[in-house]
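> Sequence:
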Amino acid sequence: MSAPKLPKCVKISSKPSNFCPGCGHSIVLKNLGFVIDDLGIADKAVFATDIGCSLLSWDYFDIDTVQGHHGRVNPLATGLKRGNPKSVVISYMGDGGGYAIGLHHLIHVAKRNEPITVILVNNTVFAMTGGQSAPTTMIGEETETTPLGEFVEGPFFGPELIAQVAHKDAYVARASVDNVVQLKNTIKAAIENQTIHNNFSFIEILSYCPTN
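For the sequence shown, our numbering gives the first residue as 401, with consecutive numbering after it.
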């Protein structure tokens, strides 16, 4: 029997999605959906999404979904989990929301070991607003605000920073959209650190922005 093309928890009526052709978000979300199916958590999962390109995932799944303000989705996810400890809360954002606008929130949920799963998709730019330079922009990378190439020392390494401040039982990892086996396994491990061990998890997923 061939593998299913789409997860069962995907909202078919919202497809095709609003992501640009070739966007890495679709790869991440599809594999997240397969993990939700595999773990059987669709009925208790809560998907909290940030502003930015990640916002376009608001109707991707047929599960409870809530939208937060830019950079503020982690405090929102914390409240959702504390209000209903039996829920499985997944906080979804880009590098702009997680590392630039909301880094302080990410640091604190990691330090407090809030039992939520944070998934951050890093495409090295502020993509939705046209591809401006972000904390994760690589040296020499051309963006709308660095047309001659990024010149600020960097880039920013998120998981390495979060690992220094996170609780000892937290799960911190990096994956990439170009290795879907590793990607799915990493997402599963992160969610199970919440569902089985009641701990915080953070994944940075390296992606790309074909439009910018």
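None of these hints come from the bench; they were simulated from the model. All C-beta atoms, glycine included, are put in the ideal place defined by N, C-alpha and C. Please note that the accuracy of each hint is not assured.
[Unchecked claim] Simulated crosslink set (DMTMM-like; lysine to aspartate or glutamate; CA at most 20 Å straight-line):
{"id": "1", "residue 1": "Lys-584", "residue 2": "Glu-542"}
{"id": "2", "residue 1": "Lys-405", "residue 2": "Asp-437"}
{"id": "3", "residue 1": "Lys-415", "residue 2": "Asp-437"}
{"id": "4", "residue 1": "Lys-588", "residue 2": "Asp-443"}
{"id": "5", "residue 1": "Lys-568", "residue 2": "Glu-553"}
{"id": "6", "residue 1": "Lys-444", "residue 2": "Glu-592"}
{"id": "7", "residue 1": "Lys-568", "residue 2": "Glu-541"}
[Unchecked claim] Label-pair distances were calculated between CB atoms; the ranges are:
{"id": "8", "residue 1": "Ala-589", "residue 2": "Pro-416", "range": "28 to 34 Å"}
{"id": "9", "residue 1": "Gly-549", "residue 2": "Arg-472", "range": "27 to 33 Å"}
{"id": "10", "residue 1": "His-504", "residue 2": "Ala-589", "range": "24 to 30 Å"}
{"id": "11", "residue 1": "Gln-564", "residue 2": "Asp-443", "range": "24 to 30 Å"}
{"id": "12", "residue 1": "Glu-553", "residue 2": "Asn-484", "range": "28 to 34 Å"}
{"id": "13", "residue 1": "Trp-458", "residue 2": "Ala-589", "range": "23 to 29 Å"}
> Against each hint, give a clear statement of whether it holds in the structure.
Going through the hints against the structure:
| no. | hint | verdict |
| --- | --- | --- |
| 1 | Lys-584 <-> Glu-542 | violated, 31 Å |
| 2 | Lys-405 <-> Asp-437 | holds, 13 Å |
| 3 | Lys-415 <-> Asp-437 | holds, 18 Å |
| 4 | Lys-588 <-> Asp-443 | holds, 17 Å |
| 5 | Lys-568 <-> Glu-553 | violated, 30 Å |
| 6 | Lys-444 <-> Glu-592 | holds, 14 Å |
| 7 | Lys-568 <-> Glu-541 | violated, 35 Å |
| 8 | Ala-589 <-> Pro-416: 28 to 34 Å | holds, 30 Å |
| 9 | Gly-549 <-> Arg-472: 27 to 33 Å | holds, 32 Å |
| 10 | His-504 <-> Ala-589: 24 to 30 Å | holds, 26 Å |
| 11 | Gln-564 <-> Asp-443: 24 to 30 Å | violated, 36 Å |
| 12 | Glu-553 <-> Asn-484: 28 to 34 Å | violated, 43 Å |
| 13 | Trp-458 <-> Ala-589: 23 to 29 Å | holds, 25 Å |
Comparing the model with each numbered hint stated earlier shows that hints 1, 5, 7, 11 and 12 do not hold.
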